[in-house]
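Enquirer: Throughout the sequence shown, residue numbering follows UniProt numbering, covering 1 to 279 in sequence.
Don't take every hint at face value.
Taking lysine-lysine and the DSS-like style, the derived pairs with C-alpha atoms no more than 25 Å apart in a straight line are [as the list claims (entries may be wrong)]:
1. Lys186 / Lys89
2. Lys97 / Lys77
3. Lys77 / Lys245
4. Lys158 / Lys186
5. Lys172 / Lys182
6. Lys158 / Lys172
7. Lys77 / Lys182
8. Lys172 / Lys186
9. Lys89 / Lys77
10. Lys158 / Lys182
11. Lys248 / Lys89
Quick list of simulated restraints, FRET-style, between CB atoms [as the list claims (entries may be wrong)]:
12. Leu105 / Leu241: 18 to 28 Å
13. His91 / Arg174: 19 to 29 Å
14. Asp185 / Ser83: 44 to 54 Å
In case anyone wonders, no lab produced these hints; they're calculated from the structure.
Owing to the predicted nature of the structure, the values given are computational and were not obtained by experimental measurement.
Just so it is clear, CB atoms sit at the ideal spot from N, CA and C, and this is done for glycine as well.
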Amino acid sequence: MAAPRNLIGESGRLLRDEESAVAKEDDDSPTGKRPKLERFPFTRWELAGAFGVFFVFSAGLFCIYSTMPAADFRKLKLPRTLSDLRILKDHLASYAKDYPAQFILGYCSTYIFMQTFMIPGTIFMSLLAGALFGVIRGLLLVVFNATAGASSCFFLSKLIGRPLVSWLWPEKLRFFQAEIAKRRDKLLNYMLFLRITPSLPNLFINLACPIVDIPFHIFFLATLIGLIPASYITVRAGLALGDLKSVKDLYDFKTLSVLFLIGFVSICPTLLKKKKIYE
Numbered sequence: 001m002a003a004p005r006n007l008i009g010e011s012g013r014l015l016r017d018e019e020s021a022v023a024k025e026d027d028d029s030p031t032g033k034r035p036k037l038e039r040f041p042f043t044r045w046e047l048a049g050a051f052g053v054f055f056v057f058s059a060g061l062f063c064i065y066s067t068m069p070a071a072d073f074r075k076l077k078l079p080r081t082l083s084d085l086r087i088l089k090d091h092l093a094s095y096a097k098d099y100p101a102q103f104i105l106g107y108c109s110t111y112i113f114m115q116t117f118m119i120p121g122t123i124f125m126s127l128l129a130g131a132l133f134g135v136i137r138g139l140l141l142v143v144f145n146a147t148a149g150a151s152s153c154f155f156l157s158k159l160i161g162r163p164l165v166s167w168l169w170p171e172k173l174r175f176f177q178a179e180i181a182k183r184r185d186k187l188l189n190y191m192l193f194l195r196i197t198p199s200l201p202n203l204f205i206n207l208a209c210p211i212v213d214i215p216f217h218i219f220f221l222a223t224l225i226g227l228i229p230a231s232y233i234t235v236r237a238g239l240a241l242g243d244l245k246s247v248k249d250l251y252d253f254k255t256l257s258v259l260f261l262i263g264f265v266s267i268c269p270t271l272l273k274k275k276k277i278y279e
């Protein structure tokens with residue numbers, strides 16, 4: 001009878017091992033209980049740091065608004081549609097003319113705040129710049145604000161961005177890291193290509209660059225120069241705001257072709273160098 005008892009004992013042990021293995025797989029699976037806690041990317045200290053930075057920026061924005069000349073701000077809101085933008089432009093036209101310095105300060109601080117904290121709607125702010133200031137002044141404002149906001153987002157991501165980007169775009173981050181590693185010798189050209197063309201979203205570029213160890217001076221120059229073509233298109237469209245039917249009309253096939261052509265010119269030195277190496 002010893003043999004059957006041993007078999008029964010062995011079977012029981014194997015069954016317990018299988019149950020333990022299944023339980024472990026359930027814990028490691030997407031529907032398990034533990035990943036629900038691990039799914040949130042930030043630690044308490046990182047979350048506290050993010051809220052701290054947001055509070056400082058918000059306090060600065062509030063101080064700027066509180067010192068601006070009195071106006072009826074009840075009808076003002078961040079535009080989400082072209083209709084909202086047209087209404088906003090009508091309300092702000094006289095204010096911007098009467099108080100140009102204060103208005104520009106408020107406009108710039110709002111744009112940089114939105115860009116830093118990845119708040120959608122900066123394209124409407126760019127259209128507004130064209131509608132209120134014209135092409136040249138509007139372009140200078142947009143490029144300055146977009147570069148300053150992207151730089152703030154860069155340093156914010158350097159502080160707490162790694163877990164967020166790894167959580168939201170793990171595959172895209174690995175691809176971006178591999179592409180950067182292959183182009184270290186001509187990094188500025190590649191970054192210019194990414195900024196000029198819509199190959200990768202600007203939001204992802206702002207957050208991912210410090211994670212893949214792109215130097216800030218490369219990031220800054222590529223942003224400052226690379227955003228000019230797309231910003232010019234958007235600011236110029238603001239002049240004819242009444243005729244614009246959809247934001248999608250800004251980037252039709254012809255416009256995208258021009259942007260990719262400019263981007264291809266920027267990356268030509270990298271391609272030519274690779275060709276010489278292979279020869």
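Enquirer: Given the proposed pairing of Lys248 with Lys89, does the C-alpha separation stay at or below 25 Å?
Expert: holds, 20 Å
Enquirer: Tell me if the straight-line CA distance from Lys97 to Lys77 falls inside 25 Å.
Expert: Within the cut-off at roughly 19 Å; holds.
Enquirer: Hinted pair, alpha-carbon criterion (25 Å max): Lys89, Lys77. Please report holds or violated.
Expert: Given pair Lys89, Lys77 holds - Cα atoms ~11 Å apart, limit 25 Å.
Enquirer: Quick one, are Lys158 and Lys172 close enough, alpha carbons at most 25 Å?
Expert: Given pair Lys158, Lys172 holds - Cα atoms ~18 Å apart, limit 25 Å.
Enquirer: Assess, step by step, whether the Cα of Lys77 is no farther than 25 Å from the Cα of Lys245, and give holds or violated.
Expert: Distance of about 20 Å is within 25 Å: holds.
Enquirer: Range first: 44 to 54 Å. Now tell me if the beta carbons of Asp185 and Ser83 are that far apart.
Expert: holds, 48 Å
Enquirer: Are the Cα atoms of Lys158 and Lys182 separated by 25 Å or less?
Expert: holds, 22 Å
Enquirer: Cβ-Cβ distance between His91 and Arg174: within 19 to 29 Å?
Expert: Once the Cβ atoms are compared, 46 Å apart, the range 19 to 29 Å for Arg174 and His91 is violated.
Enquirer: Taken at face value, is the distance from the CA of Lys186 to the CA of Lys158 at most 25 Å?
Expert: At roughly 22 Å apart (the allowed maximum being 25 Å), Lys186 and Lys158 satisfy the hint.
Enquirer: Could you see if the CB distance from Leu105 to Leu241 stays within 18 to 28 Å?
Expert: The hint (18 to 28 Å, Cβ to Cβ) holds, given that Leu105 and Leu241 are roughly 23 Å apart.
Enquirer: Taking 25 Å as the top limit, are the C-alpha atoms of Lys77 and Lys182 close enough?
Expert: violated, 44 Å
Enquirer: Can the restraint linking Lys186 and Lys89 be considered satisfied, given a maximum Cα separation of 25 Å?
Expert: violated, 42 Å
In this structure, the hints that do not hold are numbers 1, 7 and 13, in rising order.
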